[in-house]
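Those protein sequence lines, which keep their order, are chains A and B. Terminal number for the first sequence in this note's numbering: 264, no gaps in between. Terminal number for the second sequence in this note's numbering: 732, no gaps in between.
Watch out, some of these pointers could steer you wrong.
Derived, one-sided and incomplete: chain B residues facing chain A with beta-carbon distance under 8 Å [to be verified]: (1) Val658; (2) Leu666; (3) Leu672; (4) Phe687; (5) Leu710; (6) Leu714; (7) Ala723; (8) Val730; (9) Gln731.
Ranges of calculated distance between the beta carbons of each label pair, as one might list FRET restraints [claimed, not checked]: (10) A:Tyr137 - B:Leu551: 22 to 30 Å; (11) A:Trp56 - B:Leu551: 15 to 23 Å; (12) B:Ile561 - A:Ile253: 20 to 28 Å; (13) B:Ile561 - A:Ala61: 22 to 30 Å.
None of these hints come from the bench; they were simulated from the model. Glycine included, each C-beta is placed from N, C-alpha and C at the ideal position.
Residue strings, one per chain:
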Amino acid sequence: MLTRLANPGVFLRWSGVALPITAGLAAAVLAAGLGMGWFLAPADYQQGETVRIMFLHVPAAWLGLFFYGIMSASALGTLVWRHPLADVSQKAAAPIGAAFTLVCLVTGALWGKPMWGTYWVWDARLTSVLVLFLMYCGILALWRTFEDPGRAARAVSILTLVGSVNLPIIKYSVDWWNTLHQPASVFRLDGPTIHPSMLYPLLVTALGFTLLGLALHLSGMRTEILRRRVRSLSILEAERLDLQEA
Amino acid sequence: MTRAFLALVARDIRLATRVGGSGALGLVFFLMIVTLVPFALGPDLNLLARIGPAVLWLAAVLATLIGLDRLFQADEEDGSLDLLRLSPLPLELTVLAKALAHWLTTGLPLALAAPLFGLLVALTPRAMGAIMATLFVGTPALTFVGAVGAALTSRLRRGGLLLSILVLPLMIPTLIFGVSAANAALGGTVPFATPFLILLALTLVAAVVGTAAAAAALRVQD
Chain A
19 MLTRLANPGV
29 FLRWSGVALP
39 ITAGLAAAVL
49 AAGLGMGWFL
59 APADYQQGET
69 VRIMFLHVPA
79 AWLGLFFYGI
89 MSASALGTLV
99 WRHPLADVSQ
109 KAAAPIGAAF
119 TLVCLVTGAL
129 WGKPMWGTYW
139 VWDARLTSVL
149 VLFLMYCGIL
159 ALWRTFEDPG
169 RAARAVSILT
179 LVGSVNLPII
189 KYSVDWWNTL
199 HQPASVFRLD
209 GPTIHPSMLY
219 PLLVTALGFT
229 LLGLALHLSG
239 MRTEILRRRV
249 RSLSILEAER
259 LDLQEA
Chain B
511 MTRAFLALVA
521 RDIRLATRVG
531 GSGALGLVFF
541 LMIVTLVPFA
551 LGPDLNLLAR
561 IGPAVLWLAA
571 VLATLIGLDR
581 LFQADEEDGS
591 LDLLRLSPLP
601 LELTVLAKAL
611 AHWLTTGLPL
621 ALAAPLFGLL
631 VALTPRAMGA
641 IMATLFVGTP
651 ALTFVGAVGA
661 ALTSRLRRGG
671 LLLSILVLPL
681 MIPTLIFGVS
691 AANAALGGTV
701 PFATPFLILL
711 ALTLVAAVVG
721 TAAAAAALRV
731 QD
């Protein structure tokens, strides 16, 4: 399956069918999930209506990590198996993951203001997500510095893999740092258990956002393949003009 | 192989200490940051003594970045890196030798000079010892992590800024445990050994991962 998709033409045909289906499913599931979460689910007895931010915030956090996972898998594909579409997938995943991480940070800040009285606290979780966002920024910056897409992909693969080794270490050390600085946490984000009336909408929106992310990923990959085609076509044309003049 | 390795270390140290090298610059930069902090925070010695370890560690992290962008770039530009890659020495060991030379000319002088600079932020002798020990153990991790970024940006003309953006997030764990260990030595609930041993572990992991990844980064860019 993966080998057959290595042909960009086959991939473009296959994804041309898969993209509208994924996008349509994402729209339907998101409409259902967000509808349930924003209108049907009860307001929290303590947090009031602000708890509805959760239906954006939690899926965004999960997808920020999920896309780093996709990037790491694609990085392995680039370096180990030399799969021709792995670097395309890697490149398309980076901005999507960065965007979801940013959404997670922003919605978290907006949720934090009414709940904790401040937009930002140096809590271990928040700090880890911020570091994840910084690493996404580094990866995006490295993508933009190489002219040759193949060389850029291999360089970014190494950075991504080093990052994926380091992410658990960073997470662990930030937890350590935080417990050292403020032993008693002022807030508890995860209460005893989340009530089913909120859990089901949350799971549905998470599924919806995952589908949305995958649809964006597919569309990003298609765009990247077409962009590379344009690039090689213009190089070929320039060479032909060169020959004509000579 | 050992001789080639040692020759490479000696060459890089010589290059760093001669004209145009960044040998003493890191130390001056370190002093500069330590000097700037009292201007920003006020000359309150009690406050400075409390945040002293953090200031010295932050200065060390920033000072390590000096010269890091030229770690492979200079050799890449004049072609000596190609010759080094043709030599029987494995590329990983070449990277290790260059990183070692970088540490000997940046990290080690910082660790040795830390007690002196500690005077400026009113550190107690006990804190100075702790800072020196943590810098001695922790700065190699900074160099090894930085080597990955240096290898990735070796072909770019203006890689310095990008290098900092790439490697600073990866230096966070070292910073956290370096400062924790230094603070633990001054008292507190955590025994000194716990963060110190983790710092040591971070350095060992960085030595392995950093060398292998930097060598791979140099290889894949062809």
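Here is what the structure says about each hint:
The restraint placing valine 658 (chain B) at the interface with chain A holds, with a minimum CB-CB distance near 6 Å, inside the 8 Å limit. Here the hint on leucine 666 (chain B) is kept, as its CB sits about 5 Å from the closest CB of chain A, short of 8 Å. Restraint check, leucine 672 (chain B) versus chain A: the minimum CB separation of about 6 Å is within 8 Å; hint holds. Checking phenylalanine 687 (chain B) against chain A: minimum C-beta separation of about 6 Å stays under 8 Å; hint holds.
A distance limit of 8 Å between C-beta atoms decides the matter here; for leucine 710 (chain B) the minimum to chain A is near 14 Å, and the interface restraint is violated. The criterion of a C-beta within 8 Å of any C-beta in chain A is not met by leucine 714 (chain B), whose closest approach is roughly 12 Å, and the hint is violated. Because the closest C-beta pair between alanine 723 (chain B) and chain A is about 5 Å apart, less than 8 Å, the hint holds. Satisfaction of the interface hint for valine 730 (chain B) is found here, the shortest Cβ-Cβ separation to chain A being roughly 4 Å, below the 8 Å cut-off.
With its C-beta approaching chain A no nearer than about 6 Å, glutamine 731 (chain B) sits inside the 8 Å limit, and its interface hint holds. The hinted range of 22 to 30 Å is satisfied by tyrosine 137 (chain A) and leucine 551 (chain B), whose Cβ atoms lie roughly 24 Å apart. Take tryptophan 56 (chain A) and leucine 551 (chain B): their Cβ atoms lie about 46 Å apart, and the range 15 to 23 Å is violated. Restraint check, isoleucine 561 (chain B) to isoleucine 253 (chain A): a C-beta distance of roughly 56 Å breaks the suggested window 20 to 28 Å.
Here the CB-CB span from isoleucine 561 (chain B) to alanine 61 (chain A) is close to 44 Å, at odds with the stated 22 to 30 Å.
Of the numbered hints given earlier, the model fails hints 5, 6, 11, 12, 13; all others are met.
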